[in-house]
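*Asks:* Here the protein sequences line up with chains A and B, keeping their order.
Mind the numbering: the first sequence is residues 1 to 270 in our numbering, read in order.
Mind the numbering: the second sequence is residues 1001 to 1339 in our numbering, read in order.
Calculated directly from the structure, the hints in this document are not laboratory data.
You may find that some hints are simply not true.
In silico contact screen, one side only, chain B against chain A (beta carbon under 8 Å); selected entries [what the hints assert, rightly or not]:
(1) Leu1223
(2) Gly1227
(3) Asp1229
(4) Val1236
(5) Glu1312
(6) Pro1314
(7) Val1317
(8) Leu1321
In silico BS3-like links for lysine-lysine, alpha-carbon gap of 25 Å or less [said to hold, decoys possible]:
(9) A:Lys220 x A:Lys84
(10) B:Lys1059 x B:Lys1037
(11) A:Lys53 x A:Lys33
(12) A:Lys79 x A:Lys33
(13) A:Lys79 x A:Lys53
(14) A:Lys84 x A:Lys33
(15) B:Lys1144 x A:Lys22
(16) A:Lys79 x B:Lys1037
(17) B:Lys1144 x A:Lys53
Keep in mind that this is a model prediction, so the values were computed, not measured.
Every residue, glycine too, gets a C-beta built ideally from N, C-alpha and C.
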Amino acid sequence: MGVKVGPPILEVRHVAVRFGRKEVLRGVSVTVKAGSHVAIIGPNGAGKSTLLKAMDGLLPVASGEILLGGRLLSAWSRKEVARKVAYVPQADGRVLPFPARDFVLMGRYPHLSPLSAIRRQDRDAADDAMRVTGTVQFADRRVDTLSGGERQKLFIAAAIAQGAEILLLDEPTTFLDPRHQADVLALLARLNRDRGVTLLTVTHDINAAALWADEVLALKDGAVAWSGRAADAMDNRVLGAVFDHEFSFATRDDGRRFVLPEGGAQRDGG
Amino acid sequence: MAGPEKRRGHGTAAALFGALLVSLVLSMLLAPLAGMKGYSPSDVLSGALSAADEGIFWKVRVPRVLLSLVAGAALALSGMTFQSMFRNPLATPYTLGVASGGSFGAALTLKLGLVFSVFGLPATSIGAFLGCLLAVTLVYGVTKLKQGFSTATMLLAGVAVGFLFSSVLMFLQYMSDFAETFRIVRWLMGGLDIVGYRQVLELLPLVGVGGIAVVLHVRELNLLVTGDDLAAGRGVDVATVRRRLFFATSLMVGGVVATCGPIGFVGMMSPHICRMLIGSDHRLLAPAATLLGAVFLTVCDTVARTIIAPAEIPVGVITALLGGPFFLWLLTRSDAERG
């Protein structure tokens, strides 16, 4: 794993974010290395999505600093940031009244000057992004008529077309059926391995975090509760403390640990 | 399956633009001929009109048609910009109280008897522009204060701001003497009945600057429709773009309000009808909505001044009679459509 991972590309230093009087992030520090795949886990309201948005400069930071490629994020223009970093929100039920191909082409925005038309290279980038994400077959369909899984892959396609080296993904698999979950996770792994795309993924799927990511960052109450190698997170001293919950673990044939599902026999009426 | 669907989309756009251009030319040619006294094209071309009729045609009818074209275009383009920025077809400068702000601004300059002009723009236009800007800032500020941007908050804030400015306007009238009140009431009744070209020429630069500013942001408008977070993530400086577009629409709406008084619903219907026909790509939507708004207001005004001739109905009554039911229809379906 040490082979593919490069120097730090995104550094978060003692960052605090406030919504009104509520402090959602309290002194969070994270270093993300180029080419790594980091899963961000933690209970609801821990500040995971807020951290993701702050890393893309989509939220004002109350204190601390964020460095992108060694330079203060606040010194980058929006377009400069967008050429490096792409934010991939949950493919929720928002109205997207555009054909899928046009939506992916909109990812080229940070590469276009205000009056220039869409160029050959922009179309090529969009086509390539759709090919690699397997979204070509619904290029002409309206985005909000696509299924959740198709839409999530299309959001990733637009982020690839954007030319970003860092993808910030907010719960990319939460509302997907098992086949599409596996599809999206495999696509992300491919992008990470073949194209060296750095991934930060907010997820509630602890097994996906443990089995697909290199590193885990656990947030609790707006602060970093634990961070380290994904394999090391699969322990009640880590997960139990983060979620205030006892997990049962099992070991796969390849020696990797995973969380066992709960319920069934012990479950009472409640 | 997908291919034909796309081709049909392009076909619809071509057909719409064809129909709009034909109606634009027809309304420009025919609307000035219609009126209390109708003229035939040959009368006008052969110079067979009496001096009085010539005056009516060139000094009253033609300027009025030009004004309705410019005002309709400006209202539709502003309406489209609001609908896209707020991602809701019910959001327009009129429903959000922006036009009321403009009315207040214009009335205040009338009350104060301000007659200055800046770069040839009359005080009422500047007052209306500032009023619009104040109203849109208020509505947007209130909407932003509340976490979780909702349609309900925005529309209610718009209604509240509209009422606020209307009541301040009433207070203004109450405090005015008879002559001032008359000026304000006469102006508030609005309408496109002008004499000569001065008002058209005063409105054109406002609409021109505002319109060009909107057209330069069609790509950003497309992205704003996908959501503020996605737009910002793609590199749009959302706050700056929004500020510029508020400024641009305030110029246009302020100009129209100052010249014609409040005319509702043009800005809601024209862009939404175009969106239903050709989709939400603003590179096509902006010109289509602009053309439809121009034609729509001209047709409404021609109806308003001919249907019970020699009397005239204020054009705002016609647009509201058509627009009111349209608004209600949108309201019943927008929840399902917009989620």
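*Asks:* Is the hinted pair A:Lys79 and B:Lys1037 satisfied, with a Cα-Cα distance of at most 25 Å?
*Replies:* Violated: A:Lys79 and B:Lys1037 sit about 59 Å apart, past 25 Å.
*Asks:* Is the Cα-Cα distance between A:Lys53 and A:Lys33 25 Å or less?
*Replies:* Holds. A:Lys53 to A:Lys33 sits at ~18 Å (cutoff 25 Å).
*Asks:* Given the hinted pair B:Lys1144 and A:Lys22, is their alpha-carbon gap at most 25 Å?
*Replies:* Measuring from Cα to Cα gives roughly 17 Å; hence the hint holds.
*Asks:* Using the nearest Cβ pair, does B:Val1317 come within less than 8 Å of chain A?
*Replies:* Cβ of B:Val1317 sits 33 Å from chain A, so the hint is violated.
*Asks:* Taking the least C-beta to C-beta distance, is B:Pro1314 closer than 8 Å to chain A?
*Replies:* Violated: closest Cβ of chain A sits about 35 Å from B:Pro1314, beyond 8 Å.
*Asks:* Sort out whether A:Lys84 lies within 25 Å of A:Lys220, counting only the CA atoms.
*Replies:* Given that 25 Å is the threshold and the Cα spacing comes to 28 Å, the pair is violated.
*Asks:* Take the shortest C-beta to C-beta distance between B:Gly1227 and chain A; is it under 8 Å?
*Replies:* Result: holds, 6 Å to nearest chain A Cβ.
*Asks:* Can the restraint linking A:Lys79 and A:Lys33 be considered satisfied, given a maximum Cα separation of 25 Å?
*Replies:* The hint holds at about 22 Å.
*Asks:* Does B:Asp1229 pass the interface hint, meaning its C-beta sits closer than 8 Å to a C-beta of chain A?
*Replies:* Holds: closest Cβ of chain A sits about 6 Å from B:Asp1229, inside 8 Å.
*Asks:* B:Leu1223 was flagged as interface toward chain A. Is the shortest Cβ-Cβ separation under 8 Å?
*Replies:* holds (6 Å)
*Asks:* Would you mind confirming whether the straight-line C-alpha gap from B:Lys1144 to A:Lys53 stays at or under 25 Å?
*Replies:* holds (18 Å)
*Asks:* Is the hinted pair A:Lys84 and A:Lys33 satisfied, with a Cα-Cα distance of at most 25 Å?
*Replies:* holds (14 Å)
Hint compliance for this structure: hints 5, 6, 7, 8, 9 and 16 are not met, and every other hint is.
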